[in-house]
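S.K.: If you're matching them up, the sequences are chains F and B in order.
The first sequence begins at 1 in this note's numbering and counts up one residue at a time.
The second sequence begins at 1 in this note's numbering and counts up one residue at a time.
Simulated from the structure, these hints should not be mistaken for lab results.
Heads up, a few of these hints could be off.
As the list claims (entries may be wrong) - Only pairs whose alpha carbons sit at most 25 Å apart, straight line, appear in this in silico DSS-like list of lysine-lysine:
(1) B:Lys142 with B:Lys160
(2) B:Lys243 with B:Lys142
(3) B:Lys221 with F:Lys23
(4) B:Lys7 with B:Lys59
(5) F:Lys23 with B:Lys227
(6) B:Lys7 with F:Lys23
(7) B:Lys243 with B:Lys160
(8) B:Lys221 with B:Lys142
(9) F:Lys24 with B:Lys167
(10) B:Lys160 with B:Lys227
(11) F:Lys24 with B:Lys221
(12) B:Lys7 with F:Lys24
(13) B:Lys167 with B:Lys243
Predicted, not measured: the structure shown is a model, and the values here were computed from it.
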Amino acid sequence: MGRIVINAALCKGCYLCVEACRKKHIEIDDHLNAQDCYPVREAPNTECTACPRCATVCPEAAIEVFHD
Amino acid sequence: METNVFKRPQALTDTPTHYCPGCGHGVAHRLVAEAIDHFGLREHTVGVASAGCSVMMYKYFDVDTIEAAHGRALAVATGIKRTHPELTVFTYQGDGDLASIGLAETMHAANRGEKVCVIFINNAVYGMTGGQMAPTTLLGMKTSTTPTGRSLHREGSPLKMAELLSKLDGVAFCQRVSLHDPDQVYEAREAIFRAFEAQLEGLGFSFVEVLSACGTNMRMKPSDAQKWVANQMCQAYPLGVFKDDEA
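Given only the sequences and the hints, what does the whole structure look like? Please build it.
M.R.: So, in structure tokens, the structure goes:
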């Protein structure tokens with residue numbers, strides 16, 4: 001199992017990570033961040049495999065990935 | 001025990017970038033920073049920035065960086081490397097800077113075999129100035145200066161820099177990669193690592209052309225711009241290793 005930590009302040013809402021995640025573990029938040037973007041967040045009741053495709057495509061280096 | 005398998009490289013500062021959402025510059029910056037971290041070069045590296053969207057990269061890399069005049073990044077890099085051969089020197093240039101106004105500097109630095117790394121971002125358009133045609137714009141591609149599409153007879157063919165440079169004796173390593181999906185980003189990471197390795201081994205000029213999406217000027221959302229790179233750019237610009245003196 002894995003875990004991701006998203007730095008929502010850096011997120012610009014490109015959502016490439018949402019498309020990259022095969023487990024649908026990332027979803028769009030409904031609160032704007034300081035950059036006036038809807039950042040991403042972890043989706044409830046989904047699992048992370050620490051693959052780490054989301055962080056690989058993130059242009060902001062805003063995602064850290066941890067593995068058990 | 002939990003391990004951190006992916007973290008922000010130390011060679012990147014915490015400063016948010018000014019790039020548009022989904023821009024490939026952010027990923028390319030991170031890959032260069034990962035190479036700097038991997039080889040332990042943070043205190044021994046000088047980057048040379050170009051004119052273009054990446055003009056402010058000195059804010060994002062936690063290494064010494066010089067901003068060169070438009071197109072002259074490789075002239076500046078030549079000076080740094082020759083006076084401080086112990087340093088690792090890289091340029092980070094877009095297609096307008098490297099393949100248009102800086103073409104002479106690029107060709108001659110490569111031909112001289114200057115022992116520097118070049119990270120060349122090819123997004124097929126002038127990004128910073130508003131989407132004008134670049135030397136790398138695809139045939140038929142509409143830009144603000146080719147509103148009916150680039151024409152072979154009017155503007156000529158796209159410049160294939162990796163193919164051109166691979167023919168020069170001074171070039172030790174030359175590869176074209178893309179950033180349009182995670183697997184391609186892994187490939188790009190390996191190529192940039194190899195380019196830095198070639199410099200550390202003193203082999204000569206190393207060049208990585210990175211196909212990158214400019215969704216803003218293509219008038220596409222980021223995911224569609226990635227698909228455009230995969231379907232259109234990768235056809236016009238074949239990926240692969242064009243030269244590797246070590247191999």
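S.K.: Does each hint fit the structure? Answer for all of them.
M.R.: Quick rundown of the hints versus the structure:
1. At roughly 19 Å between alpha-carbon atoms, lysine 142 (chain B) and lysine 160 (chain B) fall within 25 Å of each other, so this suggested pair holds.
2. About 32 Å separates the Cα atoms of lysine 243 (chain B) and lysine 142 (chain B), which puts this hinted pair outside 25 Å; it is violated.
3. For the hint linking lysine 221 (chain B) to lysine 23 (chain F), the alpha-carbon distance of about 22 Å falls within 25 Å, and the restraint holds.
4. For a cut-off of 25 Å, the pair hint linking lysine 7 (chain B) to lysine 59 (chain B) stands: about 19 Å separates their Cα positions.
5. This hinted pair checks out: lysine 23 (chain F) and lysine 227 (chain B) have alpha carbons roughly 21 Å apart, not beyond 25 Å.
6. Proximity of lysine 7 (chain B) to lysine 23 (chain F) is assessed by CA-CA distance (about 20 Å); at most 25 Å being required, the pair is judged to hold.
7. As the CA atoms of lysine 243 (chain B) and lysine 160 (chain B) are separated by approximately 14 Å, the hinted pair is consistent with the 25 Å bound.
8. With a CA separation close to 17 Å, the supplied pair lysine 221 (chain B) and lysine 142 (chain B) stays within the 25 Å bound.
9. Distance hint between lysine 24 (chain F) and lysine 167 (chain B) is unfulfilled; the C-alpha atoms sit about 45 Å from each other, more than 25 Å.
10. Taken as a hint, the lysine 160 (chain B) and lysine 227 (chain B) pair is honoured in the structure, with Cα atoms around 21 Å apart against an allowance of 25 Å.
11. Between lysine 24 (chain F) and lysine 221 (chain B) the alpha-carbon distance is near 20 Å, which keeps this suggested pair within the 25 Å criterion.
12. About 21 Å separates the Cα atoms of lysine 7 (chain B) and lysine 24 (chain F), which keeps this hinted pair within 25 Å; it holds.
13. A threshold of 25 Å between alpha carbons decides the hint, and for lysine 167 (chain B) with lysine 243 (chain B) the separation of about 8 Å falls inside it, so the pair holds.
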